[in-house]
Amino acid sequence: MRTARGLIRLDLVFRLLIGVGFAYMIVAGLAMPRTSFGTPGLYPIFVGSIGLVVWLGLHVQDALRTIRNHTQRGRIYDIAYEFGDMPPELVRRRTLQTFGMVGALMLGVWLLSFQLAVPIFLCIALRLLARAGWPLTLAWMVVLELLIVVVFGSIAHVAWPRSVLENALGVSFQTILGAPFRRVLPF
Amino acid sequence: MDFLHAIRLALSEIASPTVLSAILGGTAIGLISGALPGVALPGLVVLLGVASTMPVPVALGLAMGMAAPVHSSDSLPAVMLGVPGTVAAQATIMDGYPLARKGKAGLALSAGYFASLIGALTGIVILVAIMPVARVVVNVFAAPEFLVMGLMGVAVVAVVSSGAMLKGLVAGAVGLGIAAIGIDPNLGYPRFVPASVPYLYNGLDLVTVIIGIFALPEVMGLFIENRSVARGLTSDAVWRNINEGRREGMRAVLHNKFLIFRSVALGVIGGIMPGLGQSVLDWLVYAFARSTEKGANRTFGTGDIRGVIAPESANNATNAAQLIPTLALGIPVHAFQALYLSLFIIVGLQPGPRLLNDHLDVVMFIAFSLALSSVVTTAVLLFMSRFVARIALVRASVLAPLVFVFLVLAAYTSKNNLLDLPLLALAGLVGWHMKRLGWPRPPLIIGFVVGPILERYLNIALNTYTLTDMLTRPGVLLIVASAVVIAVYASRLTRASAEQPLAATGPVMAGQVQEAV
Numbered sequence: 128m129r130t131a132r133g134l135i136r137l138d139l140v141f142r143l144l145i146g147v148g149f150a151y152m153i154v155a156g157l158a159m160p161r162t163s164f165g166t167p168g169l170y171p172i173f174v175g176s177i178g179l180v181v182w183l184g185l186h187v188q189d190a191l192r193t194i195r196n197h198t199q200r201g202r203i204y205d206i207a208y209e210f211g212d213m214p215p216e217l218v219r220r221r222t223l224q225t226f227g228m229v230g231a232l233m234l235g236v237w238l239l240s241f242q243l244a245v246p247i248f249l250c251i252a253l254r255l256l257a258r259a260g261w262p263l264t265l266a267w268m269v270v271l272e273l274l275i276v277v278v279f280g281s282i283a284h285v286a287w288p289r290s291v292l293e294n295a296l297g298v299s300f301q302t303i304l305g306a307p308f309r310r311v312l313p314f
Numbered sequence: 018m019d020f021l022h023a024i025r026l027a028l029s030e031i032a033s034p035t036v037l038s039a040i041l042g043g044t045a046i047g048l049i050s051g052a053l054p055g056v057a058l059p060g061l062v063v064l065l066g067v068a069s070t071m072p073v074p075v076a077l078g079l080a081m082g083m084a085a086p087v088h089s090s091d092s093l094p095a096v097m098l099g100v101p102g103t104v105a106a107q108a109t110i111m112d113g114y115p116l117a118r119k120g121k122a123g124l125a126l127s128a129g130y131f132a133s134l135i136g137a138l139t140g141i142v143i144l145v146a147i148m149p150v151a152r153v154v155v156n157v158f159a160a161p162e163f164l165v166m167g168l169m170g171v172a173v174v175a176v177v178s179s180g181a182m183l184k185g186l187v188a189g190a191v192g193l194g195i196a197a198i199g200i201d202p203n204l205g206y207p208r209f210v211p212a213s214v215p216y217l218y219n220g221l222d223l224v225t226v227i228i229g230i231f232a233l234p235e236v237m238g239l240f241i242e243n244r245s246v247a248r249g250l251t252s253d254a255v256w257r258n259i260n261e262g263r264r265e266g267m268r269a270v271l272h273n274k275f276l277i278f279r280s281v282a283l284g285v286i287g288g289i290m291p292g293l294g295q296s297v298l299d300w301l302v303y304a305f306a307r308s309t310e311k312g313a314n315r316t317f318g319t320g321d322i323r324g325v326i327a328p329e330s331a332n333n334a335t336n337a338a339q340l341i342p343t344l345a346l347g348i349p350v351h352a353f354q355a356l357y358l359s360l361f362i363i364v365g366l367q368p369g370p371r372l373l374n375d376h377l378d379v380v381m382f383i384a385f386s387l388a389l390s391s392v393v394t395t396a397v398l399l400f401m402s403r404f405v406a407r408i409a410l411v412r413a414s415v416l417a418p419l420v421f422v423f424l425v426l427a428a429y430t431s432k433n434n435l436l437d438l439p440l441l442a443l444a445g446l447v448g449w450h451m452k453r454l455g456w457p458r459p460p461l462i463i464g465f466v467v468g469p470i471l472e473r474y475l476n477i478a479l480n481t482y483t484l485t486d487m488l489t490r491p492g493v494l495l496i497v498a499s500a501v502v503i504a505v506y507a508s509r510l511t512r513a514s515a516e517q518p519l520a521a522t523g524p525v526m527a528g529q530v531q532e533a534v
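Chains as they are written, first to last, in our numbering: chain E, 128 to 314; chain U, 18 to 534.
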């Protein structure tokens, strides 16, 4: 019940943000300069107006449905996993855990670099959280590290960002880890 | 470009070892991602991230190689485990899973693979055959027609959201709106960009937004559910089930050739129509087969092989047919096609009249790559199902962290900008909540992809024509009328398919159409 109420509240915030966004597009579009070649505000006004009309229509429809006690809301055109048979508390905990994992990976990339953060993340996620065996964990750590250092770094020449740690130490992990491969690779 | 010359160029491009390897590599990735529920879309999105670093034929070869097998290998978890690999395999469960429980998984799978191959090749032949006609039609179109066509494309996709039509339209408008962020393409004026955030001058990164809205929530769903896809089955049991009944399956397909013909025809027509997604078509074809096949009312749902053949042949034909409006008009009719359109734009191709006139060889290349990949897929699935089946045994808790890493890598490598990672997290948060709150995401993505195209035609149309001129053009009137007919018809079909039971026999209700809150 608490989850359902929370979702309804979140939906209201989401709807409000969308409505404000459409209104802002129109106001900002009208304030944009007009030249003899046209105005950059044309597209935002066009989209904002259409958006606001359908947004208002949605809320009028919802209000009418509430008045008529019409519970059938139809189906959305999307795919989704159903968590109906799982306790809401577990869903909430795992949702937070998932966001935490993704956030930690991103933070790790910023602080440590892709070259260090990815194997550490995989080690924690696979070995500790998923309780996978060491051979599988190590195999994926090596595969992903090779992908980052050799395929992306040395072959595709992806410019990896300088992490906080790299800046502090004054080194580049890609240069250090990619050195042996640069000698072997023909390009 | 001459039609035959385009075919020759496309074939010579495919014959190059690098491109051939890319197609085969893409096929391998597609086979694996189709067999893993919830991974097909993130897999394609990861490719978008790295596509800009590849030569055009290699990137397209990889993408088309991936596209073909997904709707063949997705029947593997559907039959073996009652879990659809993708939404297009939902109806396959109805008879495929009962067949597997009767120990006839081999029959269901081999029939499904053959039906898929026939469906895919027919769809590709139609794609190739229709292109010369499409070229003539799109050359008659001007800016007003393309503007209306783009708007109608987004609208029709939203309208078939059935009872949640207005939610779909709002989501489509949100997609069009976020495409406005960045420097105005005509006058160079920064829109909705704070001066202190130059990162936003080029607009929101297409790949990062798609990954965040679409792929990240899918993998999160997989992780939160944290079920072993193959729970209850050992790898030996999977192997035994698959090995039996291969020849019987092929014979069943040949025996039901008229059913395949009807299903493929429905799949192609539905594929060209905007908004009729794979999940809708899948149920529609299944329902059609149940009402037209002899005795099917009693046997469908209990393990009738015709209940596998009909949806499997149709969903592969749809896959190729959906490329027709994407390539000819630059208007994606489905979220998957929005991803392909993004890929074309990323590698520097502009689908629409220019592609058909100047780069017909690219269109032929796409068709032949799909055909090659389909043939390879069927061969591999028939002879290597044992290995592919083992992939479906991977636990979600092991799979999800790996996919997270790939998604983060794809988001970063698309523009080599670290700020794409916070954008990915934000888009992921929005996508996740849209999914949980019952907001349809495909219209948003289609709106975002089509937004810049619409803006260009909006400016040209309003600078060249008066509103009355624009709205009274025969082409515009025809498109509006067609869109209304399609929307009404598609809504009815969607409602009809909604009456079908949803994967009721499977142990996991995954990948199904979600009820709006």
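Don't take every hint at face value.
[Claimed, not checked] If you want the footprint, here are the derived chain E segments under chain U, 3+ residues with CB under 8 Å: (1) 178-185; (2) 241-250; (3) 267-277; (4) 300-307.
[Claimed, not checked] Straight line, CA to CA, 25 Å or less: simulated SDA-like cross-link-like pairs of lysine to any residue: (5) U:Lys432 - E:Asn294; (6) U:Lys432 - E:Leu139; (7) U:Lys432 - E:Gly230; (8) U:Lys432 - E:Leu292; (9) U:Lys432 - E:Arg254; (10) U:Lys432 - E:Val270; (11) U:Lys432 - E:Met228; (12) U:Lys432 - E:Gly165; (13) U:Lys432 - E:Val298; (14) U:Lys432 - E:Pro246; (15) U:Lys432 - E:Leu243; (16) U:Lys432 - E:Leu134; (17) U:Lys432 - E:Ala231; (18) U:Lys432 - E:Ala286; (19) U:Lys432 - E:Leu304; (20) U:Lys432 - E:Ile282; (21) U:Lys432 - E:Leu169; (22) U:Lys432 - E:Leu179; (23) U:Lys432 - E:Gly305; (24) U:Lys432 - E:Leu234; (25) U:Lys274 - U:Met71; (26) U:Lys432 - E:Trp237; (27) U:Lys432 - E:Leu183; (28) U:Lys432 - E:Ile153; (29) U:Lys432 - E:Phe141; (30) U:Lys432 - E:Leu239; (31) U:Lys432 - E:Val278; (32) U:Lys432 - E:Arg309.
Source of the hints: derived by calculation from the structure; they are not laboratory data. Remember, predicted model here, so these are calculated numbers, not experimental data. All residues carry an ideal CB built from backbone N, CA and C; glycine is no exception.
Structure-based check of each hint:
Coverage of a stretch by a chain is defined here by at least three residues with a beta carbon nearer than 8 Å to that chain's beta carbons; for the segment 178-185 of chain E and chain U the count is 5, and the condition holds. Chain U is given as covering the segment 241-250 of chain E, and this holds because 4 residues of the stretch bring a CB closer than 8 Å to a CB of that chain, at least three being needed. Closer than 8 Å: that is the beta-carbon criterion, and the segment 267-277 of chain E has 4 residues meeting it against chain U, so the requirement of 3 holds. Only residues whose beta carbon comes within less than 8 Å of a beta carbon in chain U count, and the segment 300-307 of chain E has 0; fewer than three means the coverage is violated.
The hinted pair formed by Lys432 (chain U) and Asn294 (chain E) meets the criterion: a straight-line CA distance of about 21 Å does not exceed 25 Å. This hinted pair does not check out: Lys432 (chain U) and Leu139 (chain E) have alpha carbons roughly 34 Å apart, beyond 25 Å. The straight-line distance between the Cα atoms of Lys432 (chain U) and Gly230 (chain E) is roughly 20 Å, inside the 25 Å bound, and the hint therefore holds. Between Lys432 (chain U) and Leu292 (chain E) the CA atoms are separated by roughly 22 Å; this keeps the pair inside 25 Å, and the hint holds.
With a C-alpha separation of about 32 Å, the suggested pairing of Lys432 (chain U) with Arg254 (chain E) is violated against the 25 Å cut-off. Taking the CA atoms of Lys432 (chain U) and Val270 (chain E), the gap is about 23 Å. The hint holds against a cut of 25 Å. Between the alpha carbons of Lys432 (chain U) and Met228 (chain E) the distance comes to roughly 23 Å, so the proposed pair stays at or under 25 Å and holds. Among the hinted pairs, Lys432 (chain U) with Gly165 (chain E) is inconsistent with the structure: their alpha-carbon atoms are about 31 Å apart, more than 25 Å.
Simply put, Lys432 (chain U) and Val298 (chain E) have alpha-carbon atoms about 23 Å apart, close enough for the 25 Å limit, and the pair holds. As the CA atoms of Lys432 (chain U) and Pro246 (chain E) are separated by approximately 23 Å, the hinted pair is consistent with the 25 Å bound. Between Lys432 (chain U) and Leu243 (chain E) the CA atoms are separated by roughly 21 Å; this keeps the pair inside 25 Å, and the hint holds. Taking the CA atoms of Lys432 (chain U) and Leu134 (chain E), the gap is about 34 Å. The hint is violated against a cut of 25 Å.
Our distance criterion of 25 Å between C-alpha atoms is met by Lys432 (chain U) and Ala231 (chain E), whose separation comes to about 21 Å. For the hint linking Lys432 (chain U) to Ala286 (chain E), the alpha-carbon distance of about 10 Å falls within 25 Å, and the restraint holds. Of the pairs offered as hints, the one joining Lys432 (chain U) and Leu304 (chain E) holds, with about 23 Å between alpha carbons and a cut-off of 25 Å not exceeded. Between Lys432 (chain U) and Ile282 (chain E) the alpha-carbon distance is near 17 Å, which keeps this suggested pair within the 25 Å criterion.
Taking the CA atoms of Lys432 (chain U) and Leu169 (chain E), the gap is near 28 Å; set against the 25 Å cutoff, the hint is violated. A distance of roughly 33 Å separates the Cα atoms of Lys432 (chain U) and Leu179 (chain E); the hinted pair therefore is violated under the 25 Å criterion. Among the hinted pairs, Lys432 (chain U) with Gly305 (chain E) is consistent with the structure: their alpha-carbon atoms are about 21 Å apart, no more than 25 Å. Straight-line distance between C-alpha atoms of Lys432 (chain U) and Leu234 (chain E) comes to about 19 Å, which keeps the hinted pair within the 25 Å bound.
Pair hint Lys274 (chain U) plus Met71 (chain U) does not hold up; C-alpha atoms about 41 Å apart against a cutoff of 25 Å. Pair hint Lys432 (chain U) plus Trp237 (chain E) holds up; C-alpha atoms about 16 Å apart against a cutoff of 25 Å. For the hint linking Lys432 (chain U) to Leu183 (chain E), the alpha-carbon distance of about 37 Å lies beyond 25 Å, and the restraint is violated. For a cut-off of 25 Å, the pair hint linking Lys432 (chain U) to Ile153 (chain E) is broken: about 30 Å separates their Cα positions.
Pair hint Lys432 (chain U) plus Phe141 (chain E) does not hold up; C-alpha atoms about 29 Å apart against a cutoff of 25 Å. The suggested pairing of Lys432 (chain U) with Leu239 (chain E) holds, with an alpha-carbon distance near 20 Å, which does not exceed 25 Å. Between Lys432 (chain U) and Val278 (chain E) the CA atoms are separated by roughly 17 Å; this keeps the pair inside 25 Å, and the hint holds. A threshold of 25 Å between alpha carbons decides the hint, and for Lys432 (chain U) with Arg309 (chain E) the separation of about 24 Å falls inside it, so the pair holds.
Hint check: violations occur at hints 4, 6, 9, 12, 16, 21, 22, 25, 27, 28, 29; the rest are consistent with the structure.
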